[in-house]
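Per this note's numbering, residue 1 is the first one in the sequence shown, and the count goes up by one each step.
These are computed hints drawn from the structure, not numbers from a lab. Given the structure is predicted, the values throughout are model-derived calculations rather than measurements. Possibly wrong hints are sitting among the right ones.
In the SDA-like style, the derived pairs of lysine to any residue whose C-alpha atoms are separated by at most 25 Å in a straight line are [what the hints assert, rightly or not]:
{"#": "1", "residue 1": "K4", "residue 2": "G86"}
{"#": "2", "residue 1": "K139", "residue 2": "M93"}
{"#": "3", "residue 1": "K126", "residue 2": "E18"}
Listed next, with one range per pair, are the computed distances between beta-carbon atoms [as the list claims (entries may be wrong)]:
{"#": "4", "residue 1": "T102", "residue 2": "D27", "range": "14 to 24 Å"}
{"#": "5", "residue 1": "T125", "residue 2": "T102", "range": "36 to 46 Å"}
{"#": "6", "residue 1": "S173", "residue 2": "S2", "range": "31 to 41 Å"}
{"#": "7", "residue 1": "G103", "residue 2": "T174", "range": "17 to 27 Å"}
{"#": "8", "residue 1": "T102", "residue 2": "K172", "range": "16 to 26 Å"}
{"#": "9", "residue 1": "P131", "residue 2": "E100", "range": "24 to 34 Å"}
{"#": "10", "residue 1": "Q158", "residue 2": "T125", "range": "17 to 27 Å"}
{"#": "11", "residue 1": "Y148", "residue 2": "G103", "range": "37 to 47 Å"}
{"#": "12", "residue 1": "Y148", "residue 2": "T174", "range": "13 to 23 Å"}
{"#": "13", "residue 1": "Q79", "residue 2": "K172", "range": "42 to 52 Å"}
{"#": "14", "residue 1": "P14", "residue 2": "R144", "range": "13 to 23 Å"}
{"#": "15", "residue 1": "F81", "residue 2": "Q38", "range": "37 to 47 Å"}
{"#": "16", "residue 1": "A72", "residue 2": "V41", "range": "19 to 29 Å"}
All C-beta atoms in this analysis are idealised placements derived from N, C-alpha and C, irrespective of residue type, glycine included.
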Amino acid sequence: HSLKFFYTASSGVPNFPEFVAVGMVDDVQMVHYDSNSQRAVPKQDWMNRHTDTQYWERETGIFLGSQRTFKAGVDILKQRFNQSGGVHTWMMMYGCVLDEDTGVTEGFSQFGYDGKDFVVFDQKTKTWIAPTPQAVITKHKWDRSIGYNENMNNYLTQTCIEWLKKYLDYGKSTLMR
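Can you build the whole structure from these sequences, using the hints too?
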């Protein structure tokens, strides 16, 4: 089973939201947010049935904060790559996987810029891997955020798994087929 989130900020794309966030359980979309609506909305009836307005207000607040951060991220990276116009994307994919038979869990968090890997979180070292020279600045900056990296690791190993189990329970009639 898996819980995955995808965040995408873009610039220079006409008639497309500057920021989109999607959450998926076992590859079934269960939440959607974009900068046009500025609301987190359930994409499955089972999410609607098992959550209240406070849940959706909290999710909306989280996505709104991410929208601001990601918008700034696109601008920073355009400067770093010496780009002015054109279409550019800054993406994050994070989440967790649970093998119910073995109980083994796995977490992941990675960022991409313009369709290429940018930085990847290494759970063993709680540091970031930079596959490109332009990402090294980000890697060093983020590696110094020890508290953030600890929180990221805790989220990926514990919180994410707890939510995955919750969402699986919410959608068991659909997801467990």
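Verification of the supplied hints:
no. : hint                    : in the structure
1   : K4 x G86                : 29 Å, violated
2   : K139 x M93              : 17 Å, holds
3   : K126 x E18              : 30 Å, violated
4   : T102 x D27: 14 to 24 Å  : 20 Å, holds
5   : T125 x T102: 36 to 46 Å : 24 Å, violated
6   : S173 x S2: 31 to 41 Å   : 19 Å, violated
7   : G103 x T174: 17 to 27 Å : 23 Å, holds
8   : T102 x K172: 16 to 26 Å : 20 Å, holds
9   : P131 x E100: 24 to 34 Å : 32 Å, holds
10  : Q158 x T125: 17 to 27 Å : 18 Å, holds
11  : Y148 x G103: 37 to 47 Å : 28 Å, violated
12  : Y148 x T174: 13 to 23 Å : 35 Å, violated
13  : Q79 x K172: 42 to 52 Å  : 47 Å, holds
14  : P14 x R144: 13 to 23 Å  : 38 Å, violated
15  : F81 x Q38: 37 to 47 Å   : 28 Å, violated
16  : A72 x V41: 19 to 29 Å   : 24 Å, holds
Hint check: violations occur at hints 1, 3, 5, 6, 11, 12, 14 and 15; the rest are consistent with the structure.
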